[in-house]
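Asks: Sequence:
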Amino acid sequence: MGKLFSLLLIIIFSLPVFSNENALLKDAKKAFSRKAYSEAIKKFSKYSDLHPSDGEAYMYLGYIYEYKKDYPNSVQNFRKAAELNLERDHKKTVLLKLALFFNYHQDWNLAATYAARYLKYDSKNEEMQKIYNRATSNRGNPTSNTTYIQPPKTVETKHAVEKQEIKKPVASLEKDAEDLKPSSEYEKELKLTPNDENLRWEYSLALIEEKKYDLAEENIKQLIEKNPNRTRYHYKMGIVKLRKDDPKAAIESFEKARKNPFSKDPNVFLYYVHLNEGIAYQKLKQFEMAESSFKEAHKQLAKDTPLLALARLNHDQSKWSQCAENAERAISLAGQIESHMFRFICLAEDNKSGPKVESSFEKYYGYLESNFPVPLKSPEKYQVGFLRLARYLTTLGKEAAAEKYFSVLESDSSINQTREYLFYRGKNLFYLGKTDLAISLLQKVSNSSASHYLLARCYAKKSDLPNVKLNLKAAGNLKEEYWEMAKKESDFAIYEKDITFKEFLANKGEVGPNQ
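Using the numbering used here, count along the sequence shown one by one with no gaps and you end on 512.
These are computed hints drawn from the structure, not numbers from a lab.
Be aware that one or more of the hints could be misleading.
Said to hold, decoys possible - Calculated pairs, SDA-like style, for lysine to any residue (alpha carbon to alpha carbon, straight line, at most 20 Å):
#1 Lys32 with Ser42
#2 Lys77 with Arg114
#3 Lys256 with Asp242
#4 Lys499 with Phe489
#5 Lys65 with Arg76
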């Protein structure tokens, strides 16, 4: 293994820059060489958009995110690079890094895939051959830690956990072999050897990969009937049931799997069982059981994914301090953007401020701006933080940026009529000078002194004195301090010579002698 790492270092530090290459790519490499990573990311991303078949920009993005310790993005970019046009040496480097990464995280399916591809370039590499042999011997076992590549999807809103999980409940917890053959090929082979248990197992894996869950269930049932003590069959049946939105049946299968843990790597096996079991309990809204399962998963393997799952669960229950604590623990292990998102949201919801809030805000917001400048195109798992993010941007005076995120939420019926959304987007629109739109939202916020005061300011901009007075009185009746604030408010300066308005403020809305 040491030889492989040495080879990596030699290749990394000899990345070439050609004088006759594309100017944008050349500028991106210059930014990379002087460690101006934000600039480099933008330029490499722009280059890749303009040259979709060229993998070199993705390779450099992989290195940048690796240096920044953003491993999910690093691996995703290396994987893109591996599928596109690359010089032979660069292709070998990328495949080497991917094989090492997936071997380390015991994702046997992907480790076997990338090791096999590397060996096509260097068939005599003994260390890589060992990785390939180990990976293929373990293929199909539930020891694939792909949570580092694609973290589990979060809920779309704090009120809709079921909506998200029905779509893809365990996307990142179990990603089956990318190097499996199409299920149609296995069908042909099974017609010739219908009693081949290993062949039917691989067929079942291929069916799960192709989302043919009914047929997968049927074949796994046959395997269980033939070998009821084969624990991975029960585990896979649980995965199929979960993806078919039958969490109760999934839990029953996971319980059977737990009774006879996979013997080669029992901790890893139980880690995944408990993790998926937690998701099933969460779908059933059995939150205490879900919490217990996620904690048990973390006991088996001290990884960040169960902690992130706990943070998500805490967030959905509005347990802000617990959410922030679990997110912070997850950050200490891996620092995923999703973990930063939850720490930022929950600390802010808990009325906390300081370096941790600012740090997670910067990482979350910076990641979105760099990778998804059009927020609507961002993965749903990141959109759970959009409302709090937009609110925070408003307080920073970045109203235009905030509006980008507010606009994504305007079609979400679980959010667009909440007091939080109506008030804060109305406030943001007010500061953007979109008075009529602000009024239309703020009027829907009942019994809010802050909303009435903002409405008074809106109507002042429209020179509508009756509505200014109406809303000022409503605000002052709910919170006395608004009477003093109104006397200093610049929006009301147009009425400074109006005696009746001065008396209105002095008398706190009561009728004066000149009114």
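Asks: Quick one: which hint numbers does this structure break? Sort them smallest to largest.
Replies: 3
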